[in-house]
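Turn these sequences into a full structure, and let the hints guide you.
What follows is each chain in one-letter form.
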Amino acid sequence: MLKRVLAIITILIIGYWLAEGLANVPFGQDKMLVGQYYLNHVKEQTGAVNAVTAVVVNYRGFDTLGEVTVLFIASTGVAALLWRRKRERTAKTPGSVVLTTGSKLLFPFIVLFGMYIFIHGHLTPGGGFPGGATIATAFLLMYLAFIVYEIPHKGFETTEGLAGMSYVLVGLIGLAIGGYFLFDWIWQTWHWGTSNLGRLFSGGFIPVIYTIIGIKVGTELSGIIDNMLKEEVKE
Amino acid sequence: MISSYYFGAIALVLIGLYAVLVKKNLLKILIGLSIMETGVNLLLISIGYVSGRSAPILSEGIGPNQAVDPIPQALVLTAIVIGVATTAMALSVAIILYEKYGTLNIEEIRRLRG
Chain A
876 MLKRVLAIIT
886 ILIIGYWLAE
896 GLANVPFGQD
906 KMLVGQYYLN
916 HVKEQTGAVN
926 AVTAVVVNYR
936 GFDTLGEVTV
946 LFIASTGVAA
956 LLWRRKRERT
966 AKTPGSVVLT
976 TGSKLLFPFI
986 VLFGMYIFIH
996 GHLTPGGGFP
1006 GGATIATAFL
1016 LMYLAFIVYE
1026 IPHKGFETTE
1036 GLAGMSYVLV
1046 GLIGLAIGGY
1056 FLFDWIWQTW
1066 HWGTSNLGRL
1076 FSGGFIPVIY
1086 TIIGIKVGTE
1096 LSGIIDNMLK
1106 EEVKE
Chain B
109 MISSYYFGAI
119 ALVLIGLYAV
129 LVKKNLLKIL
139 IGLSIMETGV
149 NLLLISIGYV
159 SGRSAPILSE
169 GIGPNQAVDP
179 IPQALVLTAI
189 VIGVATTAMA
199 LSVAIILYEK
209 YGTLNIEEIR
219 RLRG
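Protein chains in written order, with the working numbering: chain A, 876 to 1110; chain B, 109 to 222.
Among the clues, some could well be false.
When the alpha-carbon atoms are kept at most 27 Å apart in a straight line, the in silico DSSO-like pairs for lysine-lysine are as follows [as the list claims (entries may be wrong)]:
#1 A/Lys967 - B/Lys208
#2 A/Lys878 - B/Lys132
#3 B/Lys131 - A/Lys878
#4 A/Lys1105 - B/Lys136
No lab work stands behind these hints, which were simulated from the structure alone.
Listed below in structure tokens is the structure:
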């Protein structure tokens, strides 16, 4: 009881302190400095219509590379922590017929929608990470509906590694052509897609990189799901 | 007077902090951490808001002067993914702790170890 009261008093003090600091930050007013530059120049500099994905992939591409690295390390870490010699699905109750049939029916649609999200990252809201998470949701659905379902491990892990490597490779091609890492060579050097701005075949290397990221995130999250759903089998 | 978005974000952070400080179940602490992270993301997004403007997707009818700040949104995109990664790691640690000690109560785990 005393502990709770003390905790509540402490967090109220912290809350007052945070509110005091935020009281000088006006809500809903234009505070953009760099953001206005991005908004003004995003179309001619990157070819993307969606300013957020242009910032994520183009202007601040290093952040995304680090983010992909963090996710990769997390997936490897989960696999390393939950590694056992003999791990199998131990779920006993099969799902009802409606559940299994419905999941089978929904699976291709969810994967298709996930691919739509990451391919159209430069035009619509979304991008590689939401698209990859959607694809992982499709695999989670299959895992929950069927008691024996398992992703093909060899293929998934190879795809994940290849996707990560091709992201770095795209950046290195930019280093060779334009002089710095993650240079947008498709847009800046080839001028490919300058005439159809706002259509699918524009946006420089944003669709390429987001396809790579989408595949990588999808396989990674599916691998995390797979590792967490398996249990040790008692001999 | 503080804006309701800032107030909500601070409240979420504080609720998460309360769970981390007071709760004894490890899973509840992890839930508290996730709530805290949501609060931080909400705060970042609401700082970038400009009233009356729409999402920073410059399609027909939305020029560079009718969009909100894109930088906090890009930042939050990164923060969400990192939050998911850390939550996945923490959950697997919780699975291992339960397999090893048979409990998720942090005080009992401390006692069993010593």
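Status of the hints after comparison with the structure:
1. A threshold of 27 Å between alpha carbons decides the hint, and for A/Lys967 with B/Lys208 the separation of about 23 Å falls inside it, so the pair holds.
2. This hinted pair checks out: A/Lys878 and B/Lys132 have alpha carbons roughly 12 Å apart, not beyond 27 Å.
3. Between B/Lys131 and A/Lys878, the direct Cα distance comes to roughly 11 Å. Compliance with the 27 Å bound is thereby established for this hinted pair.
4. At roughly 23 Å between alpha-carbon atoms, A/Lys1105 and B/Lys136 fall within 27 Å of each other, so this suggested pair holds.
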